[in-house]
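Residue 74 in the UniProt record's numbering sits at position 74 of the sequence shown, with consecutive numbering throughout.
Incorrect hints may appear among the rest.
[Said to hold, decoys possible] Simulated DEER-style distance windows between Cβ atoms:
#1 S71 with E41: 19 to 25 angstroms
#2 R61 with M1: 38 to 44 angstroms
#3 G91 with R18: 22 to 28 angstroms
#4 R27 with S71: 17 to 23 angstroms
#5 Q89 with Q17: 35 to 41 angstroms
#6 E82 with P40: 26 to 32 angstroms
#7 D13 with G91: 22 to 28 angstroms
#8 E7 with S71: 36 to 42 angstroms
#9 E90 with E15: 35 to 41 angstroms
#10 D13 with H35: 26 to 32 angstroms
[As the list claims (entries may be wrong)] Straight line, CA to CA, 20 angstroms or less: simulated EDC-like cross-link-like pairs of lysine to aspartate or glutamate:
#11 K65 with E82
#12 K65 with E7
#13 K65 with E41
#14 K65 with D85
#15 K65 with D32
#16 K65 with D13
#17 K65 with D23
No lab work stands behind these hints, which were simulated from the structure alone. Quick reminder that beta carbons are idealized off the backbone N, C-alpha and C, glycines included.
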Amino acid sequence: MEVSRTESSYVLDVEGQRAGFADFLDRGEVRDFNHTVVFPEFRGRGLSAPLIEGALEDTRRAGLKVRPTCSAVARFIERNPEYQDLVVQEG
């Protein structure tokens, strides 16, 4: 299993096959995660967690904050408090 970054998404490959992605848009110092998908043939294996975790770890290393527009990313952060410090404080 491998998570890698493209220009506007993180992709998850499992045994050489694309299993899903997490799209983002960088706006200054904030990375807005707006859409996450695990393809149907890979669902039910808990693959969204390593995808999102890899994306958040890379975002942390880049020194960016996160806007979790995508509900899957928001739920992951809610369930994993060690990532709550990444969430940008709005307003």
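We went through each hint and held it up to the structure:
In this structure, S71 and E41 meet the distance hint of 19 to 25 angstroms, their C-beta atoms being roughly 22 angstroms apart. Checked against the hint of 38 to 44 angstroms, the C-beta distance between R61 and M1 comes to roughly 19 angstroms, which is inconsistent with it. Taking 22 to 28 angstroms as the suggested C-beta distance range, the pair G91 and R18 does not conform, at roughly 37 angstroms. Between R27 and S71, the C-beta spacing of about 19 angstroms keeps the proposed range 17 to 23 angstroms intact.
The supplied range of 35 to 41 angstroms is met by Q89 and Q17, whose beta-carbon atoms lie about 38 angstroms from each other. Separation of E82 from P40 is about 30 angstroms and conforms to the stated range, judged on CB atoms against 26 to 32 angstroms. Look at D13 against G91: about 38 angstroms separates their beta carbons, and that is not inside 22 to 28 angstroms. For the pair E7 and S71, the beta carbons lie near 23 angstroms from each other, so the given range of 36 to 42 angstroms is not met.
Checked against the given bound of 35 to 41 angstroms, the beta carbons of E90 and E15, roughly 39 angstroms apart, stay inside it. In this structure the supplied range 26 to 32 angstroms is violated for D13 paired with H35, their Cβ-Cβ distance being about 18 angstroms. With a CA separation close to 14 angstroms, the supplied pair K65 and E82 stays within the 20 angstroms bound. The straight-line distance between the Cα atoms of K65 and E7 is roughly 17 angstroms, inside the 20 angstroms bound, and the hint therefore holds.
Between the alpha carbons of K65 and E41 the distance comes to roughly 32 angstroms, so the proposed pair goes past 20 angstroms and is violated. Restraint check for K65 and D85: satisfied, since their Cα atoms lie roughly 8 angstroms apart, inside the 20 angstroms limit. With a C-alpha separation of about 9 angstroms, the suggested pairing of K65 with D32 holds against the 20 angstroms cut-off. This hinted pair does not check out: K65 and D13 have alpha carbons roughly 25 angstroms apart, beyond 20 angstroms.
For the given pair, K65 sits about 15 angstroms from D23 by alpha-carbon distance, which is consistent with the 20 angstroms threshold.
In summary, the structure is inconsistent with hints 2, 3, 7, 8, 10, 13, 16 from the numbered list given earlier, while agreeing with the others.
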